[in-house]
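Sequence order for the protein chains is R and Z.
So for the first sequence, our numbering puts the first residue at 114; every next one is plus one.
So for the second sequence, our numbering puts the first residue at 12; every next one is plus one.
FYI, nobody ran anything at the bench for these hints, they're computed from the structure.
Keep in mind that a hint or two might mislead.
[Stated by the list, open to error] Short, incomplete list of chain Z residues facing chain R, as computed with Cβ under 10 Å:
#, residue
1, Phe61
2, Thr64
3, Gly68
4, Ala95
5, Phe108
6, Tyr109
7, Gly123
8, Arg128
9, Thr132
10, Gln133
11, Ala136
[To be verified] Quick list of simulated restraints, FRET-style, between CB atoms:
#, chain 1, residue 1, chain 2, residue 2, range
12, Z, Ile261, R, Val171, 48 to 54 Å
13, Z, His158, R, Ala194, 56 to 62 Å
14, R, Ser339, Z, Arg88, 41 to 47 Å
15, R, Ser339, Z, Gly129, 18 to 24 Å
[Said to hold, decoys possible] Away from chain Z, derived, C-beta distances all over 12 Å, residues of chain R:
#, residue
16, Val138
17, Ala148
18, Leu153
19, Val176
20, Thr182
21, Val200
22, Glu237
23, Val264
24, Ser278
25, Glu304
No experiment lies behind these values; they were computed from the predicted model shown.
Positions of the beta carbon are idealized from the N, C-alpha and C atoms, including for glycine.
Chain residues, written in single-letter form:
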Amino acid sequence: MGDAMTIDFSMVIPYLPILFKAAGVTIVITLLSQAIGTVLGFFLALGRMSNIGVLRGVVWTYVLIFRGTPMLLHLFFVYYAAPAFGVTLDPFPAAIIAMSLSTTAYNCEILRAGLQAVHHGQIEAAQAVGMTWPRILRTVVLPQALRVIIVPYMTNFISHTKGSSLASVITVPELMLTAQMIYSSTYRAIEILTAAGAIYLLLTSSLTILQLWFERLLRYDERGLSNRRRRQLLLAVDSNG
Amino acid sequence: MIEVAGLHKQFGENVHALAGIDLTVQPGEVVCLIGPSGSGKSTLLRTINFLETPTSGTVQVDGDRVGFHEGNARQRRMNGREIAAQRAEIGMVFQGFYLWPHKTALENIILGLVEVRGMSTQKAARIGHELMKKVELGEKMEAYPEHLSGGQRQRVAIARALAMNPKVMLFDEPTSALDPELVGEVLAVMEKVASEGMTMLVATHEMGFARRVADRVVFMDQGRIVEQGVPEAIFGNPQHERLKRFLARILV
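So here's chain R without its partners, still in its complex pose:
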């Protein structure tokens, strides 16, 4: 019955600044890789839908590999194998690259599912009024695809946020690694892990709330047109709104 058995959360307080700083690193690597993964995933999704067979094949293979192998492996691979190709990467850029490669594969499939959910007839109708493909994508396909995409996309985003803890293995000073370092010197695993868990939960709940907000934003038909839009369209404006 030593001191180590007594749980005392107040011991976390002095470590909070360090934990928050580490959470900042978690946020940066997550957001940066997710942003890269979204842009790349979008273009890969277009490639996957292209009528160029080779392009489709390349994207398909990419997804097969990077969705089919652990992100932990990608992290090790980029960090430890890169020097064999004459590049030495610091932990931070290595993590960004590996995490981007991984989440790109998921985003590609999520975005593709959304883009393909739009009925082909609607695209033909847009072609028939003389719209070019980029315009059709922007005005007809994407607004509808977003409704389909938002839930799986945010689910992957949340999963990716938690997955960022794997970057600890290549010594990126993010939340998980920092928590480990603190409890290995203080032997206060319960308190520190609980604090780290609470911070992860805070981050992922923010994303959940963001998702709810997006979902409401995309329920345009329940909301009706804004007054500004109504004025543009020369429709009567509700004076209460």
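Place chain Z on chain R using the hints.
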């Protein structure tokens, strides 16, 4: 206004959807395409605005070759922008309506004006209001497609095509997906459009409409034009056995 010459369209090895179509539609003329399912009516319309690429043969609309540049030696396929510019001059109404569900009826109508013609939203809205009234939907401007009946959706789709002020209008079985009681309101709008002098090519199973509105009826079967003529001749005195059988089947 529309000139189709030697048009063939093959899907894969064996499906010969169009097997040599020659057809001319004069400015202001209303031509109805009739014929059994799979006779090539849809494919013909879709090839005219290049939603399908012809296997061989040519399509001209208002004197311009659709989809290809005529070279000295060989033809060259137009790029996406050029094809889009041609399609803007050719109105198309689909069997399945295909309104954009995330836009109100009015927004559906004006999207082409804003995006393709570069018109301001307000100016486009003015045109949109007129067209909504023309198709008798002045009260439904803010309605989303899912809140409209099939007949109303198709009338919005017609207004959407008319908004571009096209040189010709193609109708691909515009009433085939409708409940019978909603067919009349769509045909009435089409009749109004026809009476204003629009050049129209209409694939339809509505023989009453063809008889009443068409200047000429074209009977297609197995990718070919089998017989054509004024409605009185086609319906009153059909010559070909296939046309007689077709009419006997549908005009019970």
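Do the hints match the structure? See the list:
Given the 10 Å rule on beta carbons, the hint for Phe61 (chain Z) holds: about 9 Å separates it from the nearest Cβ of chain R. Because the smallest distance between the Cβ of Thr64 (chain Z) and any Cβ of chain R comes to about 12 Å, over 10 Å, the interface hint for this residue is violated. Against a cut-off of 10 Å between C-beta atoms, the interface hint on Gly68 (chain Z) is violated, since the closest Cβ of chain R lies about 21 Å away. For Ala95 (chain Z), the suggested interface contact is upheld, since its CB lies about 5 Å from the closest CB of chain R, less than 10 Å.
Restraint check, Phe108 (chain Z) versus chain R: the minimum CB separation of about 8 Å is within 10 Å; hint holds. Interface restraint check: Tyr109 (chain Z) against chain R, minimum CB-CB distance 4 Å, threshold 10 Å, status holds. About 3 Å separates the beta-carbon of Gly123 (chain Z) from the nearest beta-carbon of chain R, less than 10 Å, and the hint is met. A cut of 10 Å between beta carbons decides the hint on Arg128 (chain Z): the least distance to chain R is about 8 Å, and the hint holds.
At a threshold of 10 Å, the smallest CB-CB gap from Thr132 (chain Z) to chain R is about 4 Å, leaving the interface hint in force. Of the supplied interface hints, the one on Gln133 (chain Z) holds, with its beta-carbon coming within about 6 Å of a beta-carbon of chain R, less than 10 Å. The closest approach between the C-beta of Ala136 (chain Z) and any C-beta of chain R is roughly 5 Å, which is under the 10 Å cut-off, so the hint is satisfied. Taking 48 to 54 Å as the suggested C-beta distance range, the pair Ile261 (chain Z) and Val171 (chain R) conforms, at roughly 51 Å.
Under the hint 56 to 62 Å, the C-beta atoms of His158 (chain Z) and Ala194 (chain R), about 57 Å apart, fit the expected range. As the Cβ distance of Ser339 (chain R) to Arg88 (chain Z) is approximately 42 Å, the hint placing it in 41 to 47 Å holds. Our hint of 18 to 24 Å for Ser339 (chain R) and Gly129 (chain Z) holds, since their Cβ atoms are close to 23 Å apart. Under the 12 Å C-beta cut-off, the non-interface status given to Val138 (chain R) relative to chain Z holds; the minimum distance is some 39 Å.
Chain Z leaves Ala148 (chain R) outside its interface by the beta-carbon criterion, the shortest separation being 25 Å against a cut-off of 12 Å. Listed as outside the interface, Leu153 (chain R) is consistent with that label: its C-beta sits roughly 24 Å from the nearest C-beta of chain Z, beyond the 12 Å cut-off. The beta carbon of Val176 (chain R) sits about 27 Å from the closest Cβ of chain Z, which is more than 12 Å, so the claim that it is off the interface holds. Here Thr182 (chain R) stays apart from chain Z, with its beta-carbon at least about 37 Å from theirs, past the 12 Å limit.
Non-interface call for Val200 (chain R) relative to chain Z: holds, since the shortest CB-CB distance, roughly 39 Å, exceeds 12 Å. The claim that Glu237 (chain R) lies off the interface is violated: its Cβ sits roughly 6 Å from the closest Cβ of chain Z, which falls inside the 12 Å cut-off. Annotated as non-interface, Val264 (chain R) keeps its C-beta farther than 12 Å from every C-beta of chain Z; the closest such distance is 17 Å. Distance check for Ser278 (chain R) against chain Z: the nearest CB is about 38 Å away, which clears 12 Å, and the non-interface claim stands.
Every CB of chain Z lies more than 12 Å from the CB of Glu304 (chain R), the least distance being 50 Å, so the non-interface label holds.
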